[in-house]
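Novice: So the chains spell out like this:
There are 2 protein chains.
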Amino acid sequence: MIPYKTIVKLDKNLPAPVYIQLCNQLISLIKQGTLQPASKIPGSRLMADTLNIHRKTVIAAYDELIAQGWLETAPAKGTFVNTALPIVKKQRIKVPKNQLKKTKAAFHFKERPHLYRPDISTTAAGIITIDDGVPDNRIAPIEEISRVYRNIIKKSYNRKLLAYGSIYGNRELRETLTDYLNESRGLNISAENILITRGSQMGIYLASKLLLTDGKNIIIGKSNYRSANKTFAEAGGKLNRVSVDKNGLVTEEIEALCQQMPIHAVYVTSHHHHPTTVTLSAQRRMHLLELSQRYHFAIIEDDYDYDFHYNNAPILPLASGDSEGNVIYIGALCKIVAPAIRIGYLVAPQDFVDEAARYRRVVDRQGDALLELVMARMIKSGDIQRHSKKALKIYKTRRDLFCTLLKEKLDKYFEFEVPEGGMAVWVKLRKNISWDLVREEAIKHDLSLADYCWDSDEQETSKLGMRMGFASSTEDEIQEMIVRLEKTMTNLW
Amino acid sequence: MIPYKTIVKLDKNLPAPVYIQLCNQLISLIKQGTLQPASKIPGSRLMADTLNIHRKTVIAAYDELIAQGWLETAPAKGTFVNTALPIVKKQRIKVPKNQLKKTKAAFHFKERPHLYRPDISTTAAGIITIDDGVPDNRIAPIEEISRVYRNIIKKSYNRKLLAYGSIYGNRELRETLTDYLNESRGLNISAENILITRGSQMGIYLASKLLLTDGKNIIIGKSNYRSANKTFAEAGGKLNRVSVDKNGLVTEEIEALCQQMPIHAVYVTSHHHHPTTVTLSAQRRMHLLELSQRYHFAIIEDDYDYDFHYNNAPILPLASGDSEGNVIYIGALCKIVAPAIRIGYLVAPQDFVDEAARYRRVVDRQGDALLELVMARMIKSGDIQRHSKKALKIYKTRRDLFCTLLKEKLDKYFEFEVPEGGMAVWVKLRKNISWDLVREEAIKHDLSLADYCWDSDEQETSKLGMRMGFASSTEDEIQEMIVRLEKTMTNLW
Numbered sequence: 001m002i003p004y005k006t007i008v009k010l011d012k013n014l015p016a017p018v019y020i021q022l023c024n025q026l027i028s029l030i031k032q033g034t035l036q037p038a039s040k041i042p043g044s045r046l047m048a049d050t051l052n053i054h055r056k057t058v059i060a061a062y063d064e065l066i067a068q069g070w071l072e073t074a075p076a077k078g079t080f081v082n083t084a085l086p087i088v089k090k091q092r093i094k095v096p097k098n099q100l101k102k103t104k105a106a107f108h109f110k111e112r113p114h115l116y117r118p119d120i121s122t123t124a125a126g127i128i129t130i131d132d133g134v135p136d137n138r139i140a141p142i143e144e145i146s147r148v149y150r151n152i153i154k155k156s157y158n159r160k161l162l163a164y165g166s167i168y169g170n171r172e173l174r175e176t177l178t179d180y181l182n183e184s185r186g187l188n189i190s191a192e193n194i195l196i197t198r199g200s201q202m203g204i205y206l207a208s209k210l211l212l213t214d215g216k217n218i219i220i221g222k223s224n225y226r227s228a229n230k231t232f233a234e235a236g237g238k239l240n241r242v243s244v245d246k247n248g249l250v251t252e253e254i255e256a257l258c259q260q261m262p263i264h265a266v267y268v269t270s271h272h273h274h275p276t277t278v279t280l281s282a283q284r285r286m287h288l289l290e291l292s293q294r295y296h297f298a299i300i301e302d303d304y305d306y307d308f309h310y311n312n313a314p315i316l317p318l319a320s321g322d323s324e325g326n327v328i329y330i331g332a333l334c335k336i337v338a339p340a341i342r343i344g345y346l347v348a349p350q351d352f353v354d355e356a357a358r359y360r361r362v363v364d365r366q367g368d369a370l371l372e373l374v375m376a377r378m379i380k381s382g383d384i385q386r387h388s389k390k391a392l393k394i395y396k397t398r399r400d401l402f403c404t405l406l407k408e409k410l411d412k413y414f415e416f417e418v419p420e421g422g423m424a425v426w427v428k429l430r431k432n433i434s435w436d437l438v439r440e441e442a443i444k445h446d447l448s449l450a451d452y453c454w455d456s457d458e459q460e461t462s463k464l465g466m467r468m469g470f471a472s473s474t475e476d477e478i479q480e481m482i483v484r485l486e487k488t489m490t491n492l493w
Numbered sequence: 001m002i003p004y005k006t007i008v009k010l011d012k013n014l015p016a017p018v019y020i021q022l023c024n025q026l027i028s029l030i031k032q033g034t035l036q037p038a039s040k041i042p043g044s045r046l047m048a049d050t051l052n053i054h055r056k057t058v059i060a061a062y063d064e065l066i067a068q069g070w071l072e073t074a075p076a077k078g079t080f081v082n083t084a085l086p087i088v089k090k091q092r093i094k095v096p097k098n099q100l101k102k103t104k105a106a107f108h109f110k111e112r113p114h115l116y117r118p119d120i121s122t123t124a125a126g127i128i129t130i131d132d133g134v135p136d137n138r139i140a141p142i143e144e145i146s147r148v149y150r151n152i153i154k155k156s157y158n159r160k161l162l163a164y165g166s167i168y169g170n171r172e173l174r175e176t177l178t179d180y181l182n183e184s185r186g187l188n189i190s191a192e193n194i195l196i197t198r199g200s201q202m203g204i205y206l207a208s209k210l211l212l213t214d215g216k217n218i219i220i221g222k223s224n225y226r227s228a229n230k231t232f233a234e235a236g237g238k239l240n241r242v243s244v245d246k247n248g249l250v251t252e253e254i255e256a257l258c259q260q261m262p263i264h265a266v267y268v269t270s271h272h273h274h275p276t277t278v279t280l281s282a283q284r285r286m287h288l289l290e291l292s293q294r295y296h297f298a299i300i301e302d303d304y305d306y307d308f309h310y311n312n313a314p315i316l317p318l319a320s321g322d323s324e325g326n327v328i329y330i331g332a333l334c335k336i337v338a339p340a341i342r343i344g345y346l347v348a349p350q351d352f353v354d355e356a357a358r359y360r361r362v363v364d365r366q367g368d369a370l371l372e373l374v375m376a377r378m379i380k381s382g383d384i385q386r387h388s389k390k391a392l393k394i395y396k397t398r399r400d401l402f403c404t405l406l407k408e409k410l411d412k413y414f415e416f417e418v419p420e421g422g423m424a425v426w427v428k429l430r431k432n433i434s435w436d437l438v439r440e441e442a443i444k445h446d447l448s449l450a451d452y453c454w455d456s457d458e459q460e461t462s463k464l465g466m467r468m469g470f471a472s473s474t475e476d477e478i479q480e481m482i483v484r485l486e487k488t489m490t491n492l493w
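Protein chains in written order, with my numbering: chain A, 1 to 493; chain B, 1 to 493.
Hints in this document: simulated from the structure, not taken from any laboratory. Any given hint could be a false lead.
One copy or two, it doesn't matter: identical chains are merged, so the pair holds either way.
Stated by the list, open to error - DSS-like, lysine-lysine: derived pairs with alpha carbons at most 27 angstroms apart:
no. : residue 1 : residue 2
1   : K12       : K380
2   : K444      : K9
3   : K409      : K9
4   : K380      : K154
5   : K487      : K246
6   : K110      : K230
7   : K390      : K5
8   : K154      : K389
9   : K160      : K389
On a predicted model such as this, the values are computed, not experimentally measured, just so you know.
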């Protein structure tokens, strides 16, 4: 008899019943070949004594294993490992170890070195991070979300939202967003033009999958939002770059490219170009729309920070002037509400929305209909808009402070323009040193800079800047940030 | 002067300020060519009188338009449309219409006819639906979810969950699931082997994207879970089918295929084959694992209803016997908690999990970290397990009633086996008529049958059944369902 007492570990405090634990461990012994087909298993009384458990528990386990086909009984002879099981080469007897780490797959899979490396963690106690422009989660309206959530689930008819639902997203949110976008951004759409997504990133992903497979050409800025670049490349698109100046994408270069090759899409962060924060001018907007109509390409307009504009009112998106159906307008509530509340939208002609919804069905089936309804109600009640106004005020103060201090203390090292909106300043170095060097020095002063790796074809364009986010830090934190940045730069210069 | 009074519609009750409404409408007029470059705009006093609004409002709008580059002022001459704007062919003057529906894209995009058609709605008042096996959202533990959510957000340090977070999912949920899966299913993993997904569907999608691009071969059952088939095909995989009998996938056929061609993956719903509900036998399990090691393929084990087994305890998944790193184990909390609460997991060797997480970064950035923590806490507290037990008891009663009535009232028309688990019965017709015909007749009796379109290569295999879900209906509803089904079949036979 094999040493069951040593090998089998039972624990009444585990959630699984003891008889199931016994089953599982006997199956393991069979699988690893310790118990071979046709080997005899101790009778239930003997096993119960050996393991110091109740005999009924052993019987329950044996019945289970017989039902599952692992064991069989021979009348008057006893219980045996099923002879129909394949014979396994006997392995060393192992005491089960819960924390065995499986690190390598035993099969081939496709690796994509162009995608992101897993999370790079640079936060630790005492370290201050300058991110690349994200909201402050400390002011997120999470209590309101929780309150509205509670009110919704109190109504039993809302339970239907818990079932499998629409691949387009919650109908009430689609309708609410239709009104909200038509009124606030001059769009001209109906609910059929809206697909609810998991934030802007899913909108970019879905658009790419529909537009860019098989090496289709897309035009982007030099430089451009890195996450979008990676998504376009992953979908199979061919990236073509045009210059970005203080008026945004240079549309004359777009026109020149259209004359050379078939262009399927142009990606534009019209409101504040990512990363440089400039706004696409009115002339360029009209030119781009006109080109899209002439050359039949799609404009992917990523309006990631429409709501954050500090001086004038925000400029209307290109989508508001889209009379022919050329614009795919992508936005999200993540920046207003909170990044982890991943609700966004893709606005486009209905046939495109339909196809995107069908594709989305295989990606993650559908969204979180309950959370979507929460957002609809918070837009209707004005909660979102009130929060947005409040955040705007706070961020404006932070921008002003950050820019004032940058100018006052760090003018020797950095050049920048005060951004009209958004959550970051585009900062360029006055000397030709690399940002990697700055980052290395900064960490010695407990300052972590956002990891902005440039694409290889962007690195060539010298004097690239770095986005320095101000929105997520309080005024005290900004003060300290500048002190550490000053130490860093003094040491480097 | 163009008829501003007719064209411009201002409404103080709209959320956008009146001056912004005026801006937006003037921009529209410029864009559509009604106002051409260099045309003069009425003075602020005249415009205010015309529109019956305050002059300050008009001035604010004009200042805004000048700042945005739409208008320019010439000293002592007045305000004009910016001459630098391109000239637009004049369009018919339109009164803005909010509900203009854009139906057709003016650009080309890829359509995928093999994907799902948009939602087919068959529910209406008075109609009873037989779904294909889904949980009853009326018993979902949504109050508990809301309570735990509230408790979590009360702690201010949990606000960090609202910021951009890990692409792997919430760490506490990964650790909790590690223990939960090791204990309940005999897995042998650490938290590094877990990626949190948006339900099983995203797990299948990510696995497909890593395994099946470029026409790689995958083996599936004949028949098989339709949503998985579509996902594999979309990823570019080549589908190869093997028979399914009462012991599940016929592994001898898998072995034969491995000898003929390179096989990269085998998809298996081992616990209850979808759609036929049979369990993969112990011999087949061991054979399949052994084949995966010999031929170096991945087993995608979709354990979609592990928790719902009525007679014996559930059989351990293949993943529990995966000593070499061949199994990608996919599961979700959606079936226990609620379909719309889309939290699932993909368990695999660490290098595969890393790559899947990186791919997921471009799909939707990350999950809902707050909801993920809620689930972790509900597993730790035993809430999920208690709910699961309660649901199991309810569903067992419903299964028993549904099967008893099927046998009693409809034996003449249907053959089926009582399923040992899951949420549906696999029902076959005793006569060679099509299920489409049954569906058409049923709707006349206010009975809607789940839309199960077979893939073309499955249709050939005659005598296919239909999954009839019992779990989502109360006993009264099941009674009524059977009455209507009886009427349907009587009329048809």
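Novice: Compare the structure with each hint and give your call.
Specialist: Against the structure, the hints:
no., hint, in the structure
1, K12 <-> K380, "between (52 angstroms within a copy, 17 angstroms between copies)"
2, K444 <-> K9, "neither (49 angstroms within a copy, 59 angstroms between copies)"
3, K409 <-> K9, "neither (65 angstroms within a copy, 49 angstroms between copies)"
4, K380 <-> K154, "both (19 angstroms within a copy, 25 angstroms between copies)"
5, K487 <-> K246, "neither (31 angstroms within a copy, 73 angstroms between copies)"
6, K110 <-> K230, "both (16 angstroms within a copy, 20 angstroms between copies)"
7, K390 <-> K5, "neither (66 angstroms within a copy, 35 angstroms between copies)"
8, K154 <-> K389, "between (30 angstroms within a copy, 24 angstroms between copies)"
9, K160 <-> K389, "between (33 angstroms within a copy, 22 angstroms between copies)"
In this structure, the hints that do not hold are numbers 2, 3, 5, 7, in rising order.
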